Structures are given as structure tokens and as C-alpha cells.
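J.: The task is simple: from the sequences and hints, build the whole structure.
If you read the protein sequences in the order shown, they are chains A and B.
Position one of the first sequence corresponds to residue 14 (the working numbering), numbered consecutively onward.
Position one of the second sequence corresponds to residue 14 (the working numbering), numbered consecutively onward.
It is possible that some hints are incorrect.
Copies of one chain are not kept apart here, so a pair can be met inside one copy or by any two copies together.
Unchecked claim - With a Cα cut of at most 20 Å, we get these calculated PhoX-like pairs of lysine-lysine:
#, residue 1, residue 2
1, 183, 215
2, 331, 152
3, 177, 104
4, 234, 56
5, 50, 183
6, 183, 226
7, 48, 183
8, 285, 234
9, 177, 206
10, 204, 234
Since the hints were derived computationally from the structure, they do not count as laboratory data.
Here the structure is a predicted model, which means the values were calculated and not measured.
Number of protein chains: 2
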Amino acid sequence: MENLHDAMEVTEAVLNGVSPELTEAVQAALRARSKKKLKLLVKDLDPADLSNIIQDLSPQEREDFFRLIESHFNFDVILELSDHIRQEVIKLIGIQQLAKRLPELESDDAFSLIDELSPEQQEEILATIPAAARASYEKVSSYPEHSAARLMQQELVAVPSFWKVGDAMKHIQTSSSIPDDFYEIYVVNPKHKVLGSVQLSKILRYPTSTSLKGIMEQEVKTIPAIMDQEEVAYVFRKYHLVSAPVEDDSGRIIGMITSDDVVDVIEEEAEKDILQLAGVSETDFTAPFLVTSSRRIGWLAVSLVNALLAAGVIEHYKTTIESKGSLAALMTIIAAMGSASGTQVVAVTVRAFAARVFNTVNPWKTMWKETAIGVANSVFFSIILSLIVLFWFGDIKMALILPAALIFNMCWASAGGVLFPILISRMGLDPAVSAGPLLGATSDVLAFASFLGLATLFL
Amino acid sequence: MENLHDAMEVTEAVLNGVSPELTEAVQAALRARSKKKLKLLVKDLDPADLSNIIQDLSPQEREDFFRLIESHFNFDVILELSDHIRQEVIKLIGIQQLAKRLPELESDDAFSLIDELSPEQQEEILATIPAAARASYEKVSSYPEHSAARLMQQELVAVPSFWKVGDAMKHIQTSSSIPDDFYEIYVVNPKHKVLGSVQLSKILRYPTSTSLKGIMEQEVKTIPAIMDQEEVAYVFRKYHLVSAPVEDDSGRIIGMITSDDVVDVIEEEAEKDILQLAGVSETDFTAPFLVTSSRRIGWLAVSLVNALLAAGVIEHYKTTIESKGSLAALMTIIAAMGSASGTQVVAVTVRAFAARVFNTVNPWKTMWKETAIGVANSVFFSIILSLIVLFWFGDIKMALILPAALIFNMCWASAGGVLFPILISRMGLDPAVSAGPLLGATSDVLAFASFLGLATLFL
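T.: Dropping the structure here:
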């Protein structure tokens with residue numbers, strides 16, 4: 014327990030790069046209209062920390078902030094803001110300043126910023142930036158959204174294969190187009206095809222006379238420009254990469270993806286899966302009330318349709334229920350257990366898709382295994398439930414019908430929990446989105462129909 | 014659509030480093046007992062790909078594989094295997110070979126491998142490895158599980174602050190204790206406290222006579238050794254780090270964490286959240302049937318208790334239901350809508366905890382906002398439902414009771430969806446584990462009690 018407490022304290026210290034005092038000092042400087050104080054406070058802040066402060070300010074304070082600070086802030090901060098605040102800030106600083114400061118960003122960040130603008134703003138900014146930048150933006154935009162090309166930066170170091178370590182070092186020292194951060198250089202042929210990669214730590218380890226060809230890693234995981242970002246993340250994770258070159262369909266190197274971009278993709282994709290399973294499309298807590306509220310309605314509407322279907326089934330057996338009210342209580346147990354099993358299996362299957370488990374594990378074998386687990390667990394719980402019903406209601410017929418319905422429904426939910434995601438993914442859709450509602454709809458309807466049907470026949 | 018198809022084809026090509034033909038060739042070599050062929054097939058394979066092949070083999074084939082291959086394989090493959098297969102392989106190669114080959118791994122990987130062994134195996138291996146390695150294993154093991162110390166590697170480059178770029182380059186070229194992969198070096202004072210970091214790309218860019226002190230980054234995010242790995246991942250993501258130094262409680266540098274370790278943590282933590290929300294504790298598809306089956310039972314038991322509570326409430330209103338069977342149909346609509354709203358809000362809140370949103374956003378404000386959204390959406394759906402009931406059952410009283418219960422339940426689910434995770438986390442527990450069942454239990458009971466209670470009073 015002491016360890017936990019210690020850990021929490023140090024965590025506070027490192028994580029909260031921004032203390033409440035700092036935010037208050039910024040607010041005081043704003044009230045005092047003190048340009049000098051503000052610049053001093055902001056100067057050495059990490060963009061991520063500065064973005065936290067900006068988000069904590071009121072809209073009026075934000076307006077004052079950007080008027081006072083002028084261009085004396087690290088422009089990377091624009092990338093760290095939440096979507097809604099970023100839109101607000103872009104309006105505050107104006108398209109002209111945005112265009113002027115865009116070159117301070119890496120190409121991938123600059124381009125994704127342009128993508129977020131309205132069509133009119135995009136037109137304005139593309140008319141302002143240099144022709145070369147416009148051409149390269151247009152080239153990248155021709156690739157599909159969420160593709161590797163959209164994720165990569167164009168800044169990288171590529172050198173010919175006849176170079177030696179010393180040549181590469183000289184090039185890095187003298188060339189004007191070297192990226193800020195990079196971890197390896199790429200050895201290419203005259204057609205700009207990647208032949209190998211050399212980690213910087215390796216360049217530093219070898220004498221300058223060493224041929225790059227001799228020390229380069231030949232098994233480079235070169236990413237095709239049209240590969241989906243989820244696949245890119247999978248390749249990075251599987252092969253423990255820190256950066257990888259990107260090639261176009263003619264095999265020419267056109268960019269480089271680094272692990273910090275991939276970390277964001279992994280977070281985004283994991284978040285997408287968890288939220289889609291729960292029927293939500295976002296977690297932006299800075300989004301306005303109406304936006305958040307309307308985003309929730311879709312799934313609730315699906316749930317309502319499901320619930321009406323299930324209610325229709327129950328209504329069909331109304332007279333059976335009126336003759337024995339306890340059936341209403343017991344039928345909800347069947348539905349709850351079916352839905353609990355289904356939820357477990359759907360979550361496991363959706364994660365299996367995310368982790369590419371089905372590249373190496375046979376999905377049908379998995380379905381049979383899950384169904385078998387469903388059988389085993391349903392038998393276990395049906396015995397327990399049977400005993401409970403026997404003692405609670407003292408009704409032997411009910412104690413036999415209930416387990417039968419329970420086993421049927423838990424098995425169906427287990428099989429469907431694997432089957433639906435697989436079928437949906439075979440249709441080219443995202444299993445996380447639709448597997449939940451589909452299973453929910455069938456499992457409640459089946460639960461009520463099977464239990465009340467059996468009850469009508471045998472009671 | 015064409016893009017999608019192209020993307021899928023290239024993805025296949027890059028992702029499947031392992032073709033079925035390769036696995037078959039390995040199996041053929043095993044059948045032919047051809048040591049030579051086997052070594053040739055395995056020689057240049059990435060450990061991640063080799064691990065896929067090993068997992069595809071039958072247990073008998075795996076035994077043959079390790080007997081034939083002897084020590085002619087990249088030992089990193091042991092890290093890539095799934096937990097169950099790794100245990101099997103360790104049994105096959107024996108503790109002696111494991112101990113002999115352990116130095117080939119980075120210290121963090123070697124130590125986490127030892128952690129996985131049984132107490133007897135641990136004792137055996139610790140008696141075999143060199144005293145220095147044993148001492149450093151014991152030091153790392155004294156830190157809590159999932160702490161930064163367990164995640165870090167001890168291999169790193171730390172240099173004194175009076176050194177110049179040229180000194181650092183010479184050190185990297187000549188020292189015997191340089192890690193395989195590293196992306197920055199750390200400048201430390203005589204007490205080994207980190208003063209700054211210098212990226213390798215920067216070392217390459219500056220003349221050898223440049224003082225390291227002059228070019229080092231001073232705002233280093235130094236990770237305390239006892240920081241939880243989830244916090245480490247947060248710091249890496251927030252500040253876009255590729256590596257970071259780790260210090261003990263006296264401020265001395267004791268290791269380094271690199272982004273590939275963090276990528277694994279992010280995946281693990283996201284997976285844990287999604288599975289815990291669904292009531293599952295694992296996704297290891299290679300786990301034996303009984304292990305998987307018993308791991309599912311816990312949550313199903315919780316669901317059963319919840320369902321029995323709800324059934325108890327319904328049973329209490331048995332006579333009301335017997336006088337009007339349609340109530341049984343309608344009450345399930347209330348429960349379904351409440352649980353759908355609750356699921357949405359719990360998922361959003363759990364993700365907010367994972368993304369440290371409540372560091373900057375006020376949780377109580379969030380709760381009020383979510384409750385307000387619950388009110389808005391419940392009013393919307395209660396009008397629709399009211400109309401449906403009016404036309405379906407032609408019963409005006411029911412058309413008034415049903416919306417009242419719906420609004421009450423959706424609001425409660427929305428508020429509880431934020432409230433439960435916050436309270437659970439304040440108690441020092443993981444909100445993802447217990448928020449779901451807690452909300453599930455209260456929301457079904459409240460749904461049935463409120464609706465049937467109102468019906469008993471007014472119908």
C-alpha cells in the first residue's frame with residue numbers, strides 16, 4: 014500500500030506538467046494585459062502542456078491569449094488541442110497566420126490540419142502556401158483516408174548504396190532537408206527503391222570508411238502507401254519498429270512513418286473498438302451538448318427497435334403470462350444470461366480481429382470452442398438455476414423448462430458472438446460496429462420466444 | 014472499392030511474412046529429420062514470423078523442431094510466443110539452455126521471462142546465471158509489478174556533462190556495454206542524475222567539438238522507477254517520446270524505456286479495458302478449453318445474481334402482471350433502454366479515465382452534462398414510445414406511465430454511468446472492472462421496480 018501511495022505521488026509530479034498555479038498565472042497575465050509576462054510563462058512549455066492550459070481558459074480568455082501572444086508560441090500546440098478547441102483557435106488566429114506558420118510543422122501534421130478545414134478555408138490556404146507544398150499536399154490527399162500515405166511524413170534521409178558511413182554523416186551535417194527527428198536512414202537504388210535501412214546507433218558505431226551496404230538491415234518492412242493505418246500499427250507492433258519507410262505503387266520511397274504516429278493510431282483504434290461495442294462514436298468531452306447528445310441517439314434507436322421486437326414476442330404469449338405471472342420474472346433471467354455470454358464472446362472476437370489473431374488461428378475452430386464453452390457454462394448455471402427455482406417456486410416443471418431455455422440461449426449467444434463478427438468482417442464491414450446490436454436483437458427475441466414457447470407447451 | 018481491394022492485397026503481402034508454404038516446408042523438413050534444411054528455412058526469419066510458425070506446429074512437431082534446431086535459432090522468438098506455447102517451449106528446451114541463452118535478450122525481456130517461471134524454475138535459473146545478473150534481477154524485482162522499473166532495460170548510454178560530441182561518438186564506438194538499439198544518450202552529473210538528453214540525429218548533425226551541454230534537451234521527461242506502466246504510456250503518448258530515462262528514488266538513472274515497450278503496454282491496457290467492460294479476463298485463443306471456460310464463469314455468476322435480484326422485483330408485482338400481461342412486454346423495453354444508455358456512458362467514462370481526461374476536465378461537470386444528455390434523449394424516446402404504445406395497445410394510462418419510467422431510468426443510467434466509475438476509482442480500484450456490473454444491477458432493478466410500481470398504483 015505504501016508503494017501505491019508513493020507511486021501516486023510521483024505520478025502527480027511528472028504527469029501534471031501543468032500546475033493549477035501556472036494556469037492561474039497565465040489568467041492573471043491575461044487580465045493584466047501583460048504581453049511580456051505571458052510570453053515568459055509560455056516560452057519553455059511543452060506544446061502538450063500549453064494545450065492543456067489553453068483548453069482550461071474561457072473562450073474570452075482564449076481570444077485575449079492569442080491576441081497578446083501574437084506569434085510567440087510553439088506552433089505545434091495546434092496539434093495537441095482537442096478538435097473543438099482547435100477549430101475555435103484557427104478562427105482566432107485566422108487562415109493567413111495558419112498558412113504562414115504551417116511550414117513549422119512536419120508534413121503529415123500540416124496536411125492533416127488542412128484536411129480538417131472547411132472547403133473554403135482549404136481553398137484559401139492552398140492558394141497561399143508555396144506551389145511545391147500544394148503539389149505534395151494534393152498528391153498525399155489522393156490516397157484514401159486512414160492510409161499509410163496520410164500517416165507518413167515526407168521528410169526523411171535516403172542515400173545511395175555506394176555511400177560509406179562517412180558520406181552519410183557528412184550528408185546529415187550539411188543537407189538542408191534533414192528531418193528534426195529520425196532514427197534510421199534508408200539506402201536506396203537509383204530508382205529510389207529501398208534496399209536497406211541503417212539505424213543511427215549503427216552509423217555511430219562503425220568507422221567512417223565502412224560501406225553502408227555492408228551494415229544495412231536488408232529485411233526492411235517497407236509499408237505500401239495505400240496500407241490501412243490499422244495494418245501499419247499491426248506491422249509496427251509485430252516487428253517492434255521505431256520507424257519504417259513508405260513506398261508508392263511503383264516501389265519508390267515517398268515517406269517515413271515513426272512510432273509516435275503509430276502510438277496515436279493504436280490508441281484511436283482501441284478507443285474506436287471499445288466505444289463502438291458500447292454504441293458510442295466519440296469521447297470528446299469538450300464537444301457541445303447537442304453534438305454529444307445527437308451522437309448517442311443512433312444506437313439508442315437501434316436498442317429501441319430491438320426492445321420492441323422482443324416486446325412483440327412477449328405480447329404474443331400474453332395469456333400464458335397472465336395465467337402464471339412468475340414467468341415474467343423468470344424470462345428476464347434467461348435474457349440476461351444470454352446477453353452476458355454474448356457480450357463476453359463478442360468482445361473477445363472483436364479484439365481478436367484487432368490483434369489479427371485470425372491470421373494464425375482458424376476462426377471456425379474458435380467458434381466451435383466458444384460454443385462448447387457456452388454449453389459447459391450453461392449446463393453449470395442451469396443446474397444452479399434449476400435448484401434456485403425449485404426452492405423458490407417449488408415448481409418442478411418450471412425447474413425443467415428454465416434450464417432447457419438457458420442452455421439453448423447461452424449456446425446461441427456463444428456461437429453468434431463469434432459468427433456475427435466473422436460474417437460482418439467477411440462482408441468488408443467493421444465487426445465492432447454491428448456485431449453487438451445484431452447479437453442483441455436475436456438473443457433477446459430468442460430468449461423470450463424459447464422460454465415462453467416452452468412454458469405455453471408444457472405448463 | 015478498388016482502393017480497398019488493392020489495399021487488402023498489399024496488406025496480405027506485407028503482413029503475411031509467413032506463407033502457408035513456408036510452414037509446410039518446415040513441417041516437411043521435420044518429417045525428413047533434415048537438420049540442414051530446417052536451419053536454412055529458419056535462419057533469416059524475423060522472430061515474430063518464426064513464432065507464428067512454431068505456434069502452427071503440433072506439440073509433437075514442436076518437440077521435433079527444438080530437438081533438431083538445437084541452438085540455431087534467434088532466441089528473441091521466445092518473447093513472441095503466446096503464454097501457453099512459451100511455457101511448453103521452455104519445458105522442451107530446459108532451464109539449462111534457457112539460462113545459457115538469457116544474456117542474448119535485453120534485460121527487461123530476460124527479467125520478465127524469469128518472472129513467468131515457477132518458483133522452482135526461478136531458483137534453478139537464478140543459481141545458474143552470473144552473480145551480477147542475479148543481483149540486478151533481484152533489484153528490479155523489488156519494484157512493484159507493472160512499474161516502470163519492470164518495463165525498462167538497464168542497457169543505455171549515459172555520459173558526463175563536460176563531454177563533447179566527439180567524446181560521445183568515440184565512447185559509442187569503443188565501449189562494450191552499448192545497447193543494440195537506442196535513439197538518444199543521457200547527459201548525467203557525477204551522481205548519475207539526468208541533466209539532459211541528446212538525440213542521435215543531433216549528435217550526427219553537430220561537429221565533434223560541440224559541447225553536449227550546449228545541445229542537450231534540458232526538459233527531459235524522466236520516469237520514476239515506481240511509476241505505473243499505464244502512466245508511463247500516458248507520458249510517452251502525451252509528449253511523443255521515443256525513449257525516456259528511468260530514475261530510482263535517489264534520482265539516479267537506472268534504465269531506459271523505449272517506445273516499442275510502450276506500444277505493447279498501450280495495446281494491453283486498451284485490451285484490458287474492453288474485456289473488463291465485457292466481463293472477460295483474457296483473449297488467449299491458444300489457452301486450453303477449461304482455462305477459458307472457468308475464466309468466463311465469474312462475470313456470468315455476477316450476471317446471475319443481478320438477474321435474480323431483478324426477477325425478485327418482478328415476482329413481487331406478480332398479481333399486477335397477471336391482471337395485465339402486456340406489462341411484461343413493456344417492462345423489458347424500459348430495462349433495455351436504461352441498459353443501453355448506461356453502457357454508452359460507462360464506456361465513455363472508462364475511456365476518459367484511460368486517456369486521463371479528468372486531469373483537465375471536471376468529473377462532476379461531466380456527470381451533470383451526461384445526466385442532461387440522458388434527460389434530453391429520454392424525453393425524445395419517451396415521446397416516440399408513448400405514440401407507439403398508444404397505437405399498439407390503445408391504452409392512454411399506459412402511454413403515460415411508460416414514458417415516466419423511461420425518463421427516470423435513462424437519467425439514472427446516465428448519471429450512474431459517470432458516478433460509479435468515479436467513485437470506484439476514488440476507492441483506488443480499476444473503474445473498468447466493476448462499473449459495468451454495479452450499474453447493471455441497479456439499472457434493471459430500478460427499471461422493473463419503477464415501471465411495475467407505477468403500473469400497480471395507476472392502472
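J.: Decide, hint by hint, whether the structure agrees.
T.: Structure-based check of all given hints:
When the C-alpha separation of residue 183 and residue 215 is checked against a cutoff of 20 Å, the pair qualifies both within a copy, at 15 Å, and between copies, at 13 Å. Neither within a single protomer nor between protomers do residue 331 and residue 152 lie at most 20 Å apart by alpha-carbon distance, with minima of 64 Å and 69 Å respectively. In this assembly of identical chains, the alpha carbons of residue 177 and residue 104 never lie at most 20 Å apart, being 50 Å within a copy and 46 Å across copies at closest. Taking the closest pair of Cα atoms, residue 234 and residue 56 come within 20 Å of each other only across two copies (17 Å); inside a single copy the shortest separation is 39 Å, beyond that limit.
In this assembly of identical chains, the alpha carbons of residue 50 and residue 183 never lie at most 20 Å apart, being 42 Å within a copy and 44 Å across copies at closest. When the C-alpha separation of residue 183 and residue 226 is checked against a cutoff of 20 Å, the pair qualifies only within one copy, where the shortest distance is 17 Å, while the shortest distance between copies is 22 Å. Taking CA atoms no more than 20 Å apart as the test, residue 48 paired with residue 183 passes in neither setting, with 42 Å inside one copy and 46 Å between copies. Proximity of residue 285 to residue 234 under the C-alpha cut-off of 20 Å is found in neither arrangement, the shortest distances being 26 Å within a copy and 29 Å between copies.
In this homomeric assembly, residue 177 and residue 206 come within 20 Å of each other (Cα to Cα) only inside a single copy, at 18 Å, whereas the closest approach across copies is 37 Å. Only within a single protomer do residue 204 and residue 234 lie at most 20 Å apart by alpha-carbon distance; the minimum there is 18 Å, versus 41 Å between protomers.
Checked against the numbered hints above, the structure breaks hints 2, 3, 5, 7 and 8 and satisfies the rest.
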